[in-house]
Every structure is written in structure tokens, then in C-alpha cells.
Amino acid sequence: MKSFFRKVGFGLGPNEEIPSDPLNWALNQLDEVPELSWQGKIYSEKELRKYYRDWVYGDREKLRIKYKNDKTLYRLKKDQLRHDTGQKFWESLEISIRHNEAINGTHPVLTKLWYFWGNHFAISEKDFLANYSTGPYHRETIRANLNQTFEKLVYDATVSWAMIHHLDNSESAGEKSKTAREEWRRRKKRPASINENHARELLELHTVSPKAGYTQDDVIQLAYIMTGWQQKWSKSLLETGNVWFNHEYHQPGKKIVLGTEYKSGKKGLAAVIKDLVNHPNCRDFIATKLCRYLITDEPTKAMKEPIIKAFKKSDGFLPEVHKAAIKVAFDYNDKFRKFQTPENWFVQVAKISDLEWPIDPKVMDEYKLGFEPSKQRRLPEQLLRELGHHPYRAKQPNGWSDNSEDWLSPELLIRRLVYGNRSYAYSKTKNNNVEFYEKIVSKNFDNPEKILRYINKKDQLYDKQTLLFNHPEFLKA
Amino acid sequence: MKINRRNFLKTTVFTSLYFAGFGVNSFANSSKKKNLVVIMLRGGMDGLCAMPIKGDEGFEKLRSKINLDKTLPLTTDFDLHPALDDFKRLWDQNLASAVHATSIPYTGRSHFDGQNLMESGGRIPYEIKTGWLGRGMKLANLTGEGLALSLPMPLLIRGVPMNDNYYPVKGIIPKTEIIDIINDAYKEYGEDHLSTTLEIIKKREFKSYSSRENHSLAMNAGEKLSKANGPRVAVFEVDGFDTHAAQGSTNGAHADCLREFDNILKGLKQTMDKEAFNNTLIVTLTEFGRTIKQNSSNGTEHGYGTAVLMAGGLVKKAQVYSDWPGLKRKEMFEGRDLNSTIDARSIYASAMSTVFELDFKRIQKDVFWGEDLQNLSDKLFKTV
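Residue numbers (my numbering), protein chains in the order written: chain F, 1 to 477; chain A, 1001 to 1384.
It cannot be assumed that every hint is accurate.
Here are the simulated EDC-like pairs of lysine to aspartate or glutamate, each with C-alpha atoms no more than 20 Å apart in a straight line [as the list claims (entries may be wrong)]: (1) Lys450(F) x Glu1191(A); (2) Lys476(F) x Asp1184(A); (3) Lys450(F) x Glu1060(A); (4) Lys211(F) x Asp1113(A); (5) Lys189(F) x Glu1060(A); (6) Lys1293(A) x Glu449(F); (7) Lys458(F) x Glu1188(A); (8) Lys458(F) x Glu1177(A); (9) Lys1065(A) x Asp275(F); (10) Lys1129(A) x Asp168(F); (11) Lys428(F) x Asp406(F); (12) Lys289(F) x Asp406(F); (13) Lys289(F) x Glu1188(A); (14) Lys263(F) x Glu298(F); (15) Lys2(F) x Glu449(F); (16) Lys1032(A) x Glu1357(A); (17) Lys457(F) x Glu1357(A); (18) Lys458(F) x Asp1184(A).
Hints were generated in silico from the structure; no laboratory data involved.
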């Protein structure tokens, strides 16, 4: 039963009580989105986007021109600009906030689902998004919507600055739009054309999935509906201006997606999203993915059913969808154990063994722009890269896989061995005793004697740490 | 334009006379260890950027912003992207070639479905849980002879047990006795996959070149492939071919990716001994090509037909093998893409037949479910 606390959360810390009613403990965490528990400074997406702006503008419009004949000086100045704009710092700060919410927050179950949705609406590695924007996007666009409808979440994610930039929608211009007739396009030989990227992912990854059987023409039509949603470009902000609907780029006329007709204009996007989220394939897709994340690689129809039902009944109200998913996870807790992805695994290690993790908010707040961040301050970002599972740096817009096999290779298993061991370096001195291990084992395992016999095969505490967190019962939950 | 469809299967090679006779059939020996290297080019490699057609005005017009201003000469009909200079060096020694206007039979334009299918070899995305290479290896009994140069184990090579991968960690692996205790627990819980993976970890020896750059990974792999008891199959990945914007021409996003591919060839050539390289075949794999026409962001969209680049001593000769479909609007796929006239799986089935020394028909039947594939072994590769 105790694996349930890891299945839907991150396990129990040494000072936490064992909840007497695990299911209700979990369900009670899903109605509200509490303030983040991070005690340090939290920056808004817009504030951080200003730094993104200062970086791209400074590099592209100033340094490249000023130092065009001096590569060495250019490189030097560019590195300085990186630090002036916090390029190597924000990402670690964001991960600290993220991990803190799992470890010290009051709603770990909600946090586990936050991680899920961040990955569902993944911003993969592109340009400098991970450095400045993906973290705040996860907080302000994904997390803030977890007590809203799926429809609202899709809409907000779709028109977020990070997603618009990520999937190139600013580049998309209708062939019959006003901008298509502009003189400069003829002169510069840049005729207006659509960019299908965002439209395709909205269908395939974010809502109905290919099972809905849409055609290339549906993709094109959706891309037409989306034309005009772009970053407001200006000479001083470049691509970092707010997202707006630029009528001049919008393809006029009605469009048809999956058989439904949509009027021209700004409201088309909300209308089509409304229909997409109410498509039966969308409910099935979300239920499948939730089950795969929490329960098993191969979700069954019986598992998905209650989630689909709750989705339908509540019009995709996320707290209801989440409750249904958690209930299913509870019902199947003893039959199915899900291999935990590296980030979830590490956060569980940190929480259960009470590591100095994340880094003290004071240390993060003392960072001064203009300087290279210390190794300690960069550790969160580098550790996740090393584990092969950095939430802001998935390789592709479909995010990280939730299939166990994708996380089983010699090198990935080596990471668990190495970081199981290295995590001991972040342990607190007060916990460096055998009694501590007895305590955390009894709190998190149904069969503490057996687990203790296993870790007691070695006397050194760091060996016990390695053994415990590589035990098959711990790798799965 | 000099070429038309059907009269174009063999284009003239500038250098073929100069190097005539080099290596012809001299390596074919079935007792030799033969290696197959597959380089996955993720994101959709633009075959017409890597190997543009010459003298097609329509093509040049459609790509006015991203045409190459400098190329390397290849054949009477095709040029080569200048980033591929190591490929060119091999070409000049009859150790590199290409198939053009080819693709896996997938026309859906989704990266994720496409990449799943390029690895599984099937037709329905996510249906098949093993890779064509893994199934081919299984058929050839190549257990424990696969090496992936990436952190996860690619689908492509799944389907045969005991594959290894290499992507160096920054840290110290725990002592064997710790690993043994963990392994006992895996066994007790019936975690066979975890257990065999630990066995592999225990057995490995890798030099710790600290870098995970593809060039350095290739140098490591090259050494392993040269050893008699080393792996016979290696799989690389190059990301970033999805250039919707700023694809660039001679330099640019696509060029950087091609250069990374080229660096793999370089790394393998640098570390493999001559005999091993002569008994090796390197092939590329991508999910689709890119639209012929540039978009307004000087990039290209997801397309269909592309090129497969090949290198190594088992390449028959320097040639661009193609049944060129033409680039007139009605000749294009859906009026926008280079068509595919050769199922790329024919190349891979032939490659496995050649390297694993298996009957083509068996591969066709057991790896590709008896689908209609052509045996191109004699045309593309050195067979015994």
C-alpha cells in the first residue's frame, strides 16, 4: 500500500505522518492550486522574457555588429551578456522551485500531475526557451490551470509565448492574408505561406491524437485558423513581444476541420479548441496518457473508462479528471507497479532521504546577475541533464516518454547507480545514522524487515543509500 | 536538366575512372566480421539540401533563399552539400554512395509517427514494439552485439536481447559487489530486463573519452567495431533536422546537422582499422524529406522523398542510385514533395542481407512481414 504514496506522489519524508486514509489524502489535494511553497524570489514569465529579450537583442543587434571583425572579443562580450541576463541561472532556479513543490509542498499529488501536464504540453529544447521561459511557462500556464478545464489549459498553452515560439506559429501567414499582398514580400521574394508545425501538434500531441483520423487537409485548415497568432514583433523587442492576434496574417474565409466549419477571425481558435477537447478521441487520449504515467505502460479499457466518464461528465474539469485518475491508480495499486522516470525517481530519493535538496532559497537569491553562477547554483539543471531527463529539454515536442522501456538501457541504469550513490553527498549530517534508514524504510515500505535486511548487507551508509534507491521495489511504484 | 525518369539508374561518377579498380571485391570474405552502422537523422533530413539536383531551374526557383551557393561536385546530375567533406573524401575512394528519391512508406508528415515507423519498419505507428534492425539481428543470432551511442535504447535496435549503449556518465559506477547485491534483488523480483542490463554494465570496458559529442562517440564505437569480439551493429542519432525556419544554405541549421553526420563518418574512419572499415556498411535513416519549396521563414516543411547516404567498404561503388521521379508539379508527391520511387526499407533489408549474410527473402519475410521490397544488394553493396 505504501507504494501508493510514491505512485501518485513522491513518497513520505522522515517527518511526515503516514496518512490513515491514503485515497482521501490524495483526493484532497486536487481541488485547489495553492501558492508555491518556495521561500525565495519567484520571477514572472514576463520579467524573465525581458532577460530573453536583452540576450537576443544584445547579441543580434549589438555585439554581432560591434565586434564583427574580432571573434575573440565577440565571444568574450557574448559570455558576459549571458551572465548579465542570467542565462545559466534561471533554469536551475526554476527546477529548484519545481522540486521544492514536490518535496516541501502541501500538495505533492497535484505536483506529480503538474509534471505530467508540463510534459504533455512540452516545450522541447529550442533556442533559449529552457534558459528563460519554459520554467515560468510551467508555473503560470500549466500549474495555474490545474483547477480549470482542460479546454482552458489547451487554449492558454496554445497562445502562450513559449508555445508560439516553440512551434513556429509566428512564421505562419495565410496566402490570402493582407500581409501576403505586401510589396516587401515581392521585393524580398518571401511570399506568405503557412507553417503547419503548431497546428499539427495541437491535433496530434495536445488534443485528439492521430487516432482521430484527421487528414493533411485538416492540418492545413487548422493552420489557417491559427494564422495571425504570433509574437508581436518590434525593432526593440524582436521576437519577445507579447502574443497577439495579427489580423494581417490571418487567412480570410471559413475553414473546415474534422468536418466542422469555422468562421474567419480571432475567435476561430477558441471555437476549434472547444470542439477538439470534446472529441471522443481526445478524452481517450488523455485517459490513456494519465494511466500510462501513473499505472502501466499498457492501460486497459477498464482503467480508462472512469477517467473518460469523469472527463465527459465534468466537461473536462481537471480536478474531476484528476480525481478519477487517482482513484483508478488506487484501485490498481497492488496489481501494477510503474517504473518511475528518472526525475520522479530522483525527487523521491531527495524527499524520502531528506537530502539538502533543492538548494536553499537564500543561496539562490544571493546570486548576482553579471557573474557566472557557482557550481552549486547550476547543479539542479546539470543533474537532470545527467540523469537524461530534464523537463525543459525534451528532444522533441512530444516530450519525454512514459514507456518504461524507453528508460531502460545500460547507460540509463548506470545513472541510477551513480546518482543513488552520489545522492548521499547531499545528505544531512543529522541523518547519517542507521536509525534514520530504519525510519525511512518503515515509513515507505510495507515490508521494512526485508528491505532492511537487504540494505544491511553493507555497513557503510552511502552503500545503504545506493542499495535502497536501486531496489526493484523502489524503482517502481 | 539532363535526367529523366527511368534512364537514370546510374549517373556518371566523375572520379570513377581515377579510382577504377580500387578495392573491387577484394574485401568480400564471408569469414570476416562485418559491421552495420545506422545513423538516424531525426527531424526530417532534406535530401535535396544534402544532395541537390543540378540544372533544374524550377528547383532553384522554389528555393531561392536556401539554394547552396557552394557545392562539392558529385555526379553529372547531383551536387553535394559542402558540409559533407568527409563523405566526399570517402566518395572519392569509392567508399560512399547514396540512394536518392527514397523514403520509408510513410506519408503522414508527423515526426513522431514517422520516427516510430522508420525504426519499427512497419506501417501503423506505435503498433510494433521492436525495430527492424533488432529483428534482423535476432534472425542473424546477433545477441549482445548491438551498441547504441545514446542514453536511451532506440526502438530501432530493440527486439534482440543484451544490447549495450554508451553515453559516458560524469561519475563513478559503484563497485561490483554493490551491483551484485542489487542484481540478486532484481532476480528475486523477476526483473529480468533490469537484471540482464546490469550484467551488461558489469562486463563493459569503455575508455572514458569524456565527451558525448557524436564525433567522440564515433571514435569510441570505431574501436569497438574493429575488435573481433566487439559489437557488429552500432546506432547513432543526430537531432535537429527539422528546420522550419532559418534552414540556411551552405551554412545554417541544416548544414550544422549534416556536418554532425559527417563527423560520425570521420570518427569511425579515424579509429577503425582498414580491414574493419572495409567490412563495414554505414547507412542513414530519416522519417521523411522536406518540401521542395521554401516557406516564408526560409525553412522547409515536412515532406516525403529524401536521400539515404551510405559509406564504408561494403558500398559497391561511388554512385547516386535513383529512379528519379522529376520535380515538375505533377511529378511531385501531393504537388509539393520529392516523390519516393524506392521503398527505403529495400535498402535496409538489402544492407542486412549483405552484412548479416542472410538470404534477402528471409529478411523480407521475417523482418518486414513479406512486404513488397526489392533486393538491391547487388546494385548497392559488395556481396560475396
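Structure-based check of all given hints:
no.	hint	verdict
1	Lys450(F) x Glu1191(A)	holds, 17 Å
2	Lys476(F) x Asp1184(A)	holds, 17 Å
3	Lys450(F) x Glu1060(A)	violated, 71 Å
4	Lys211(F) x Asp1113(A)	holds, 11 Å
5	Lys189(F) x Glu1060(A)	holds, 13 Å
6	Lys1293(A) x Glu449(F)	violated, 67 Å
7	Lys458(F) x Glu1188(A)	holds, 18 Å
8	Lys458(F) x Glu1177(A)	holds, 10 Å
9	Lys1065(A) x Asp275(F)	violated, 39 Å
10	Lys1129(A) x Asp168(F)	violated, 32 Å
11	Lys428(F) x Asp406(F)	violated, 33 Å
12	Lys289(F) x Asp406(F)	holds, 15 Å
13	Lys289(F) x Glu1188(A)	violated, 30 Å
14	Lys263(F) x Glu298(F)	violated, 40 Å
15	Lys2(F) x Glu449(F)	holds, 14 Å
16	Lys1032(A) x Glu1357(A)	holds, 11 Å
17	Lys457(F) x Glu1357(A)	violated, 49 Å
18	Lys458(F) x Asp1184(A)	holds, 14 Å
Of the numbered hints given earlier, the model fails hints 3, 6, 9, 10, 11, 13, 14 and 17; all others are met.
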